[in-house]
Structures are given as structure tokens and as C-alpha cells.
Amino acid sequence: MTLNRFLILLLPEITLTVVAFLVFILDLIIGGDEVRERRLQWFAFLGVLLALVATILIWPLAEAGGLPVAFDVGPGFGGDVVPMMTLDGLALFFKLITVLMLAIIILSAGEYVKVHTPFRGEFYAFVLLAGLSIMLASAATNLVMIYLSIEFLSITSYVLTGYLRDDVRSTEAAIKYFIYGAAASAVMLYGFSLLYGATGATGLVEIATALATGSVTLRWLVFPALVMVLAGLGFKIALVPFHQWSPDAYEGAPTPVTAFLSVGPKAAGFAVLIRFLIVALPAFQVNWSAMLAGVAILTMSLGNLIALWQTNVKRMLAYSSIAQAGYMLIGLAALAPLAESWTNGLNALLLYLFAYLFTNLGAFAVVIAVEDRTGSANLPDFSGLIRRSPFLAVSMLVFLLSLIGIPPTGGFMGKLFVFGAAVQRQMILLAVIGVLNSVISVYYYYKIMRPMLFERADDAEPIRVTPSMRLVVGFSLAMVLAIAIYAEPFIRLATESAQLLLAARF
Amino acid sequence: MIPLYWWLIVAAALFCIGLYAVLSRKNAIAVLMGIELMLNAVNLNLVAFWRYITPQALTGQVFAIFVITVAAAEAAVGLAIFISVYRMHGSINVEKLDTMRW
Amino acid sequence: MDFFFNLAPLAILVPLLMFAAIILFTHPNNRLSSSLAIGGIAFSTIISWGIVLATILSGEHIWEETWQISIPWLPAGTSVLWIGLEVDSLTAAMLFMVPFVCMLIFIYSQGYMNLGKPNQDPRYSRFFAYISLFAAGMIGLVLSGSLLLLFIFWELMGLCSYLLIGFWSFRDRDTEDHIDEAQVKRARAAALKAFLTTRIGDVLLFSGMVLLWAYTGTLNFSEIFQPEVLEHLAEITIWGLPAATVIALLVFGGAVGKSAQFPLHVWLPDAMEGPTPVSALIHAATMVAAGVYLVARTYPLFVAGSVAGDGSVLAVVAVIGAITAFFGATIGLAQNDIKRVLAYSTISQLGYMMMALGIGAYVAAVFHLLTHAFFKALLFLGSGSVIHGVEHGHHEIAHHSDHHGDDDFNPNDMKTMGGLRHRMPRTFWTYIIGTLALVGWLPFAGFWSKDEILGEAFHLWREGGTFSLPLWVWLAGTLGALITALYMGRQIGLVFWGEPRHGAAEHAHESPHSMTTPLIVLAIFAVIGGLANLPSNVPLVGGELHHFIGEVHEVSEVVHSEALALNAIVAGLSTVLAVGGLIFGWAIYRNYRVGEVEPFQRWLGPVFTLLKNKYYVDELYRAVFIRPTVWLADISFRFDTGVIDYLVNLVGRVTRVVADFGGVFDAKVIDSTLVDGTGKVTNSFGGWLRQTQTGRVQNYVLVIAVTVLLLLGLYLYL
Amino acid sequence: MNFPFLTLIIFIPLVGAIIIALIPRNREREIKWFSVIVSLFPLVLSIVVWVLFKVGGGMQFVDEALWIPTLDVYYRVGVDGISVPMVFLTTLLTTLSLFYSAYTIKVRVKEFFALFLLLEMGMIGVFLALDLVLFYFFWEIGLVPMFLLIGIWGQPKDRPQYSAIKFFLYTLVGSVAMLLAFIGIYLTSGTWNILEIPLVGPLADNPALAVAAFWAIFLAFAIKVPMWPFHTWLPDAHTAAPTAGSVILAGVLLKLGGYGFIRILLPFFPVLFKQFAPFIGIIALISMIYGALVSMAQWDLKRLIAYSSVSHMGFFTLGLVAASATLNTAEPVLNSRAIALDGAVLQMFNHGIITGGLFFLVGVIYERTHTCDLKAFGGLSAKLPVYYGVMLMTALASLGLPGLAGFISEFMVFRGAFAIMPTYAIIGVIAIVLGAAYILWKIIQYIFLGEFSKEKWSAIFDPEHWHFSLDMARFEIVTMVPLLFFMLLVGIYPAPILNVINAASTALLSGLL
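Protein chains in written order, with numbering that gives the first Met the number 0: chain V, 0 to 505; chain E, 0 to 101; chain Z, 0 to 717; chain S, 0 to 512.
Hints may contain errors.
[To be verified] Covered by chain V, per the in silico footprint, the following chain E stretches (three or more residues, Cβ under 8 Å): (1) 12-18; (2) 21-30; (3) 36-44; (4) 63-77; (5) 87-99.
To be clear, the hints were calculated from the coordinates, so they are not data collected in a lab.
None of the values given here were measured: they were computed from a predicted structure.
Where is the CB? At the ideal position from N, CA and C, for every residue including glycine.
Excised from the complex, chain V in its bound form (with noise of 0.2 Å):
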């Protein structure tokens, strides 16, 4: 493989990261004038354009079993080509989520930057760089690729987690979640080392070849590989019990940090998690199956349940979001490879997850906006919300019912998919305790529409919505409706990129 093409494969990646290091020096360039400042905002989020027009132009070359991403050497170097990461479909998807996903956050973050944090340019940057860091732990096809991509998020996490310096919770989250995550990513490596000395491989493909063919000397080692990969990599996505670090990241980090969190880590958890168990380990399908399965339940009835008590709206919201990988999550447990039907379990899990994040992200949105008005998001702070801005409380009620699952919601036909998965695998429990748990959580929801919708606000001034804030909202509020009004392309999307890797592992 030529480097030409090898650099246009990676063309997004490297415009990324072009524009973060751009920012970076703009950033000391201009540093300390607002005006300039704000220009910096959208100079990031042209950047994130750039990158999507991309990953849109990449798009046609990824086939199949995957495109490696690799170049020769040359023989002077050993001569060994070791590709470390592929372009399939999959990658492709999560790409496009992670664009998408840094387009939403830097729009609404600016007003809150502005007010809130310090070296506000290098905040874009920082975020430029954890989505480049989501885009190749999502193409990562080797064990050390993944985790060099898993801790390159993982650090850029810890910085905006701990971005605000001057606040308590801001830093007391920083230093909990490094903590949290440094274990929990050293269990994952012994893990990786486990699977590394059972198979004698590090790439997806060797393993799964190794395990097939049985050359294995050590295939004991296996499955404890397995579940420390699945602490590692639950710790990313917050599963229960591997979550716990994320209601206390959740409520410290910066607003917009929270909306990242609550879905740049949890895409690249599943994008490895996904790429892992198909990729490396389908003969143990029957183990994973059953273990996802019940981490699905504890992830959604915990969620679910402890989100009940919450009076701030960014912890329920966290609570929230534990829960909603509990759902995506049955996707993979029940996951179908060979069926000829419309769920597969994958394209399930892919679909609720880009509904997801468009409605997480939305909802954070209005929280942003609401905060930045109110100072706080607790719940006396959406008091009359509908009176005071309209646009805003409607928008979050569509998000809200779009995260309980009701239709016309992206969230609705997510939840169709996963729960058509389980009942198509037989697995009813998992379905109606999948279903009950969206009961459950309409009680805390409404916690947030009640003061929003029912209640008078002591201040009852009109909250003044930015342009780019109400361009996020309202886009996020057309990608909610969309996907479930006109479904097509998006069941598309996710069932095509779903199907290039089924078809090459099943």
C-alpha cells in the first residue's frame, strides 16, 4: 500500500488532528480576546465539516472483511506489514457518529466556555482530539492499537473532566475518574495480555484464527481475557458494575464535557466491544451472549433505578444514560449474525446508538442553554420552562420521550430494533425486562417535564437562546423526528455498516 493511500484512507483522522494542532496555535496566538476567541469556536467546528466531508468521500472504498490500514515498510524493516487498524463499515459508522457528535458539542458549548472555563481555545482543541481518539479506537483492529486509542481517549476524558481548575467538582470528578479508569484500564491490558500469550497474536483476525484452527496452547486463559477486556471496556461504556465512576464524572465535568461523555466513550467502548467479540471471539459466542445479557439487565434496571432519586438533572441524565447502554447493549447480546430478518441485533445496537446520540446530545443541549441562564441544572431550574422558552421545552420534552422510547422518536425505533432482536433471539425476559425498564424510567423523566412544562418559574424572564445553541437543538430535534419519520436511510446506514462485518466474521 502506497503512503498516498494509506494518508487518504486516514483523511479524516488527520484532519482532525491538522485542526486541533491549528487550534492549539491559534489559541496562543490570539489567546485572551473573546471576539477572537468565539471565532475559534467555529473555526473548530469547520474543522469537524472538514472531517465529515471526509469520512463522507472515504465512504465508497470500505468493503467487506475491511480495508487494512496499513503501509509497506519495506523489507529493510523486517518486512512484516501489521495492520493496525481497518476500514469497514463499522469504522465508518462510528466516524460519522464522532463527527456528528463534535459538531453538536462545539456549537453548545460556546456560550458555556465563554462564561465558564479557562484557555477556552484549547478546550476545542482537547475535544477535537478525544473524537480522533473515538475514530481510531473504532477502526482498531489490533489489541495494542486498541489500547493506545482507548487510553488516548481516556486522557483526554480525564483533562475535560477536570477542565474547570477552580472547581471542586470539576477536579474532585478529574481525579476520580483517572483513578477509576487507570485501574480499570490496566485490568483490560492484563486481560489483553492473557488473550496475547493464550493465542500468541495481538491482531483480531490472528486470535480468532488461532482459537479456530486450535492451535491454542493456553485456551483457559481465555475467558478471564474476556471478562477484564469486558471491565476495561464496561468501564468505557459505563455498565453495570463498571459505571460507577460516571454519575460523579458526570455531575463534576463542565456541561458540555458531560455531553461528550455520556456519548464519545460509550461509542468507543461499543465500537471496540463490538469489533472484539465479532472479530476475536465468535466462537465464544455462547459465553459473551449470556454475560451481556445479564450485564444488559443490572445496566438497565440499576440505571434506571437509581436515576429515580436524582435532583440534578446532569446526574439523572447520567443515571439515564447508564441505563440507555443497558438497552443497546440486548442488540449485542442478542445478536443474530445470520439472520435474514430486519434485526440483526448489530444494526439494532448501531441505530439506537446514532438516535441516542442525537437525542443524549440534544437534551444536553438544553440543559447547557438552561444552565448557562440559571447557573445551575437542578431541577427548580426548568421551573416554567415551557414559558420561558418554548422552543427549548418542547425540544426537550421530544428528547425526553425520545429516551423513554415513544414514537415519533429516534429513540422509539432504537428500541424497536433491540427489543425485535431479543424477541427474535427468544429472549423474552431480557425483552420485557427491557421494556418495563422504559416504564420505569418515565418516572424520573417526568420529573424533569414536571417543573418544565406544569410548573410557574420564580423567574419568569425569557431565556435568550444563542444562534448556534438553537441550531444545535433544532438540528438534534430533526434527527430525533427523522429518524423515526423517515426511518429509511438511517435503518440503512446501520444495517449496512453492520453487514459488511457480519459478513466477513459469520
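For chain V, the structure is supplied; the task is to place chains E, Z and S on it using the hints.
Using the frame of chain V, we list chains E, Z and S on its own:
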């Protein structure tokens, strides 16, 4: 030659010691050191596996080097966070950092 | 002659339209309203009499081929239910009486409601609207050729009776002081009681009707009464009985409710709370007759049910009739309210009709129905005239004297009357005629009809066994006749003879001509009514009604449509009892003075108290049916909020939320300590779950370690 | 390509709602009357559809388009004789409610009217949808506006927020269960088409799952109907909702459940329905009698009528059960079955007209006095004779007086039930007597009869919030007239509407195995 198992047991022990440190030490620096121990256990594993399972390819070695590098970066960020925590809270006792809970 | 038949729908529609016109448009103009109502009913009367005439002229063939029209009404499943009108000679016989009596009552009401006088009733127009609707209902019921249509009119009359009985059930305290508070309460209760009691009968009829439709596929009388249909009904069993039997019993249930037969008779006496013309209209002449008419109309069903069910159905009818006839009469002995006496008399007379039907003498029953309609309407209107006169007298003394005094004056109380024969001569004479007709003095109408019933029973007894049913029927009827004579003697003695026992009676005036003229017309019919159906041994005119309606229904061994000759024993005995009883009652009561213990009470003692209290049936029903129902309703409601809703909320509580909806909710809902208890339990559950989130990062990491170890352990174990 | 009547009926309200969202908030008059006018379009169209509808012609006016190809989901709407009256009922009651609300809603006008039109879209959609996913979409779309109507415009003292969320949760519990069942049905039958699934016989190969799916769908519809013991959301929702909301709730929303039973559960699982008919029949009887008894114990007019809905919808269920209990038997019974189903459908229509009317009439006194406490009134017929007359007629229609609408449907329901399950039927007639009792005793007697006095009235009358005449104002009469007309029309000559229903229900039943 020393059997592979011996290496693995040592690594596992090291991992557990590291974990114990993470769980029990109050000082964040000590916790960080525990994490480093865990990572070193991983490194030991990787190198041992390389030596015994796939001596022909350098994968395990390279992996270990990457881990060491990343650990350094992680420690840097971690220490930076500790400093800001210390500035805000006046200590880095992780047991006392529980303003956010429930 | 088909001309009049084809106008039959108009006989119903015109009064109906008058109702609508009055309610919607003309109600501000009282005179116009009542004129419309009277005009409407007069029009109906003309058409009806035309129909009667046409039926008579059409002779025998009316039995072979009745006049019918019908329309497809209810598309149902694969069939269509038709409804329509039908005229046969039974209908014609009723049509002769119903609109005519209604018309007389309408005319009378104009006077009774004081048209054009200062004390004219403020709800004058409303009254005429209601009675128009009522008349339409009764005429429609008679003309119905389908049980369904009959039921519709049946219920329409139920509604009208509710409205009319409750005519004074509300008032504006500030403007309407001609009604007192107690009266409002009584009227309110009476209306409800009437509607609900008859409603019980109605749902039985409803059930019977529905079953009939289900099993025969039609509700048209002419189709149901085909022999093969009836046979088919007798063959099907439902709940272990032949369907015909079940259906007949259910239909009879309806008749029991409407015709105030025991045990559903309780509503009729209370129904006297309505204006008096209403009593005459609804509760004497026509509406209560609907039940009897229903049985007569669906008689083949009863016959089929009886044959299939060993004679049981008709026996039930006869027994119920006999019980009602006897006990109704006894209660009449002890009442003081002039209208109540008549009400119990009505119940008793309806019992006669039922028992006639029960022994197969349906012609006799219809005959009694017709004659009774005239003389009972006469009596009620006469009593209305009396009350009206006494009320005027009361007004007069209240106006002239300084002391307003006795506000609890009751114009209906016979014991405060007396000596009215001089003050209200026209009323007096017509009333006497009515009385004689009721107690059955020769040659008044009542004699012939009652005697025929007793004669039939006697005849059957002689043919049948010694202690067979007809014997008891005859005995009950004969004893009833004696008691009837006694209470009527008591009544005329108290009302018309003796000295006035109250200033109001002293100042009573004769009523206006609009009231007395109808009385005179009715009196004529009360005298000559018997001519319609003299015994068969009377030359030329004997057994006319038998000829006219005798073959409406198929004759069989249980149905007697042949007229009987006059039986000297029966007629003689009942005449002696009637004459003796009336004179005896009159003699001992005509000089009754206020405050005395009355003779019957002296002689009967506790039995009199029992009678005065109507055998305590009302109290019994209250204790057995009404209270338990209300109690059950209450219990159900408590169950609903206390158990079902509580369980629902409990589910909510397990998820800890409902309690969080706010203090308002907590304060209101927690009405039992149980709720508190479970609230705490769920709280602590949620609390425990929450405890896991300690805020200490090392605990979190520990969870990872423990989880991994647990999973590994699980793996090894498996 | 036919003229897309049904599509227009569904989506005109949506367009109206969007346009209202764009009108400035302070143009209240314009918003009110615009929404009334918008709602007239579906009303007129639904009348046109009814007129053009060919009796016995099966599904008509079908609009079909592939919606989500990968999922095999179609946008497919159509009407048969069962949905035609329901759609008309919905459009009629919506127009009347909007008209009524134009006079009575004073706060947050814009939101109210926009939501109401959205609600209309959801309800009509349910009646027209012929695809399970589409059905589910509309089913849930109606949920949210109603939730907000109760919560925002509810009567403050009746815990509107609690009632709103209770309504929401109840319905959601049912509908998520239904969703799972729908998925299961689709996975085995391979189509979402409501008309095709019965031909395939969903889940035939897996009896246990079929039973589970049956009860899951049953739950959803039973909650909506509502059947005992899933009814407790109804009294709360009714009590709290604003008048127009109560009208729509009783008039249309309850019918969604009933319609679902007929359109979905019965054709999908005829055998299971038959098998469980005795049990469901008992639930119907309990609903009828229990509902009536609890009504009798109420002192709040709205709550009373709410419980009476439980009782009256029990009649519907009885008819439905009778229609299903003898599937698979000889031909003559088809007649009784079809009559029972006719009765059930007509009962829904009548209940919509009558109870809708009753809630408007509750609104009449509520707007004047702000109380629904029966004990607070008395003797009103002396002062408000027109109101008395209208209420009396509506109440009598409700208690099933012949000549008015309620009787016809009760008659047919019992006709079917007596032929098929006579013991159930004879127990059921108790409810008729009880119905008369609570309506005459509680409603008529306590409000209208008895003593009227100035002191009592001035204690409750609120002249500051009432600017119209004391007796029924003209707009209130105008609101009631169409309903009274239909009560009378159906009662006196039911053939026009029954022809339509009957052909459809006969076809439906004879098509079942």
C-alpha cells in the same frame, strides 16, 4: 529453564499487590504507584509470553514498550490532576473526596 | 276503511309533535300550549275512533288478516329487524278508550291547573307537554305491532311517569311558595321510586324480549304467534326450562312492574304525589293498564309457556293477580289520603285483571280493563275536583282569617272533609256513579266486568278439581269485592256525608265546568260501559266483546273466549256483598268526627296498624334491597380506592416515585398507615441501592475487582 | 390514484397545529378560531367519506405507500364500516371541543389548541391505520398531548399532574407490552399488515408465545377501554382534565382500546379469544356492575361519570365477548355474533356521543361554579330549565332509555349475549337497573331536583369568571345540539349507521376461522 507459569504467577502477584495499593492507600500518589505496579505486571506477562509463546515476532516486546510509554503519559496527566485537586481541596486523600455521591 | 288505518301513525305522531312544539317553541304561551295539547289528543281520538269503526265494520276478517305496516329498522347480523304498527280488534278495543279518556283528562287539566287564574301553575305549559308525550306513548304502545316498538313506548311512559310524578320535585324557594318543602321531597322520592321499581320490571321484559328475538329472529307479534314458532320456543330449553316459559315469565315481570302487581306495587301509591290529573291519566286509566295489555297482547306466549311448563306460567299470573287483588284492597281500608285509597283500589283492580288472565279469561280481563279505565279515571278526577275544591276553601279561609295557622293542612286527607255533597253537587253525583261502578252494583259497568271474572273462575272451579286454583281465585275475588265495597263506603261517607270537619271543607266550591264536564262524560260511560259485553244469555247484545276480540288469539283448552251466561250464584253473592259492604261502610263512617278513633281501627286493632303501614313492605325493601345496594356501592368504592388504586400506586412506590410527586399528593393519598409502611420499605430499598454509590473511588474500583473475581469464580464453577 | 381523503383527514390537523405554532402567542382570538376552522376540514371530509362509503365493500379509501422498505412497513390507511363511525365521532367531538374551548380556555391558549389538533391526528390515525407500526405510532402520538392537556389545563385542586402521569404510565405499560407482542407477531408472520396477519395466523407454531402475545395486547387495550381492574386511571384523569379534555378522553380515547380489540386482537387470535371468552366475560360483568356501583357511591359529578364509563364500556366488552365466544360454530349463530359485535361497536359510538355530551354538561356547571360536588347543588331545574332539559335527555340516553341512542346498542349487545351466553347476560342486566339508579338518583336528583335557594347558589356561583347567561349560554347549546341530534337519530332510526357497522362486523366475523 524456568517454566512459564512461574512468570505468570509472579505477574499475577504483582498485579494483586498493585490492586491492593489502589484499593487501600489514601494518598493519591500511592494509588498511582499501585496502578503503575499493575501495569508492570502486565508488562511482565507480555514479555514472558513473547519469550515462551511467540519468540519469532516482537509483538509482546513492542506492546510492553507501548504500555510503558502510555503509562508515563498517564502519570503526567494524573499528577497534573492531583495538583489541581490539591489546590482546591488542600489534600489528595482519596477517601475524603466524596462531595458527589448517591 | 283503510283510510283510517293508514292514518294510525298520525295518532301517535301528532301528540308527539305537540310535545316537541310546546317544549321548544310555545311554552311561554300557556293557553296556546294547552290548546295544542288538547287539539293534538282530540285529533288522535278522532283517528282512533275511526280505526275502531273501521275494525268493527271489517268484521270477521280482521282476525285472519290484521292491518299492519312495518319498516326495516335495525339491520342486525344477517337479518333485519322490522318494527311496525298493527291493528286488530284488541288494539281497536283499547283505542276506543285510551285517547278518549286522555282527551277528557287533558280538558280537565286545563281547569285543574287554573288556566288564566291568578294562581295558575307556573309550569302549566310544561305539564301539557309532558302529558302529550305520555298520551303519545300510550297510544303508540297500543298500536305497536312489534314487541320492540311496544317496549320503546313502554319506557317512554316510564319516563313520563317519572317526570309527572316528580312534577313538583323541585322549586325555587324564593319565588315558588305554592309548593312546600315537604312536598318537594316527597315528590322527588316518589318519582325516583316509581322509575326504579318499574325499571326492575322493565329489564325483565327487556331480557324476555331479547331472548324472544334471539330464538325466533323476530319481534313482530304476528310472526311470533305462528304456531310453529311457538312450538319451536317450547322445545328449546334454557336454564333447564322451556324457552317459552322463561320468556313468558320475564315478560310477565315487566307487566308486574308496570301494572303495580305484588311485589312491585310499592311505587303506585307514592305516585299520587303528582298532580291529580296525572294520577288519573297514568295511574288509573291507562298506563298501569299497559301491563295488563301487554299480557293480553302476548297471550299466546303465555299459553305456549304454560303448556310447555305444565301450566306454571298462567298459574303464576293468576296467583300474583289474586294476591294483589286481595291485599291491595285490604290496604285501601286503612288509608286516609283520598287518592291513596283510590291508588290501592287500582292495584287491587289490576289484580283482578291479572287473575282473569291467569285463568284463561283474557276477554274478561280486557273488559274489566276498559270499564275500570272509565270509572277509575272518573274517581280520580272526581277526587281531584274534591281536592281542588277543598284547596280553594283553604285559600279562602287563609285569605279571610287573620290566623294563617295550620300550614300542615293536607287537602288530600279525607278525615278533614265531610258534607261536600251539598257544596260540590256535580262532583258528588258523578263520584257516586264511579263508586257504584267500582264496587259492582247492578247495572253499572263494574258489575258486569267484575262479575264475568268471578263467573269464569267459578265456572272453572266447577269444571276442575275441588281445591284447584280457580277456587282460590274466586274466593280472593269475592272477598276483595267485599273489601272494595267497605273502603269505598268509608270513603264516600267521610268525604261527602256528615258535617264538614275542617274550615276548608266548609268553604269548598264546586269546580269549574272544564273540570266537571269530563266527569259527567266519564260517568255516562261508567254507567253504560257494561253494555259492551253483557252475559251471553242477554239477547242481541250479549257477549259483544267476546265476538269482537275473542278470536284475536288462538283458542285452546286454557283460553276461554266464549262468553258465559250469567251465573246467578256468583252474581247474587257479589251483589249482596257489594251492596251490603258499601252501605255498611257508608253508615259507620258518615258521622265520623275528627279526633275519634275510627271504627275499623277499633275493631281490627293491630291488624289495622299493619294495613295502615301497608304491611311494612316499603320498610322491608328498604332494609333488604336499598340499604344493601347503597352499602355495596360504598364498599365497592372503598375497594376501588383502597385496594385497586392502592396496589397500582404501590407499584409506583416500588420505583419510589409517586411519593415524590409532591406534598399535595402525599397529604391526600396517605389515608392509611399501610401506605406509609410500604413507602418506607421501598424508600429503604431504593436507599440501599443508592448506598452503593459512595462517592469513594476506591470502593468503585473494588467493585470492579470483585465483579471480575465473581465472574471468574462462576466460570470455574461451571 | 384516488383522492387521498383519509390521508388528508389525518394530516390536516397536524398542519393546523404547525401553523398555530407559528402564530404569535398573543393573537388568541385568531388561534382559537383558526383551530376550529382547521378541525372542520377533517369533519367535513369524514362526512364525505361516510357518504361515499360503499356499505359492505370491505376496506375502502385505502391509501398505501411503502414507508420503511427494510422493515416492510407501509403507510397504509383505510376505512371499513367499523372505523367510519369512529372517525366521524372523533372529528365531530374534536370540532365541538375546540369550539367549546374557544370560549372557555383562557390560559396558554396557543399550546392548548395546537396540542388538541395533534391529539386529533393521533386518534384518527389509530382508527385508520392498517399497519401495526403505523398503528403503534398513532397510538402513542395521542398519548402525549392528552398527558399535557390534563397536566397543564387540569383543575388545580384535582391533582392534575398526578392524574396526568398516571394516565401516561398506565397507557405506556399497556403499549410497551403490546409492542413486544407486535414484534413477535411480525417475526412469525412476516408482515405488519393488519389485514393480512389474520390470514397467516400469527404465532401459530408457538402456543405459549401466542398466549403471551394475546395477553400483552389484551392488557394494552383493556387499560385503554378501561376494564376492571385496570380502570383506576380513568376517574383521576377525568376529574382533573379540562372539560374538552374529558370529552375527548371519554368520547374517543376509550374507543381506541375498543377499536383495537375489534381490529387487532379478535382477528389475530380468534381461537384464543374464544378460549378465554368466559374469563373476559366475567371481567366485563364485573366492569359493568362494579362500575355502576362505584358510580353510585360518588359525590363528584365528573368522577361519577368516569365510573359510569367503566360500566358502559363493560357493555361493549360483553358484546365483544359474545361475538367471540362461539366462533367456529354453526351458521345461525353468526347472526347473534354479528349482532353482538354490532352492539359493541355501536355502544362505542353511542358512549362517545353521550358521555362526551355529559362531560360538556358537567362543564356547564363547572364553568359557573368551579365545583362538581353534587351536594353543592339542588333545584337547578327551577333556575336553569334548558340545562335541565338537555342534561335530562343526555342522562336518559346514557341510562338506555328506548328512543335514544344508548338503548339500541345495549339492546343489541344483550341480544347477542342472551343468545350466546345467557347466564352472563342475565347477570349483566343488573347493571341496567343500577345505571338508572345512579343517573336519576345522583345526577338528576342532587343537581336538579329539590330546593333552589339564593344563598346556596351565591355560595358557589362565581360571577367573575362567567360572563354568559345563567342558563346554558348560546355556545353551550350549539355545542350540544349535534350530540343531541345524534342521540335522537340513532335512537329513533339506527338503520343508517347500523347498516355500515353491520356489514363490516358480519364480514369480519365470517372471515375468522
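Going down the list of hints, with the structure as the test:
Interface restraint, the region 12-18 of chain E with chain V: holds (3 residues with C-beta to C-beta distance below 8 Å; minimum three). With 3 residues bearing a CB less than 8 Å from a CB of chain V, the region 21-30 of chain E meets the requirement of three and the coverage assertion stands. Counting residues of the region 36-44 of chain E whose CB falls under 8 Å from any CB of chain V gives 5; the rule of at least 3 is met. Under a criterion of three residues with beta carbons nearer than 8 Å to beta carbons of chain V, the stated coverage of the region 63-77 of chain E is upheld, 7 such residues being counted.
Proximity of the region 87-99 of chain E to chain V, defined as three or more residues with a beta carbon under 8 Å from a beta carbon of that chain, is established by the 7 residues found.
Violation of the numbered hints given earlier is absent; every hint is satisfied by the structure.
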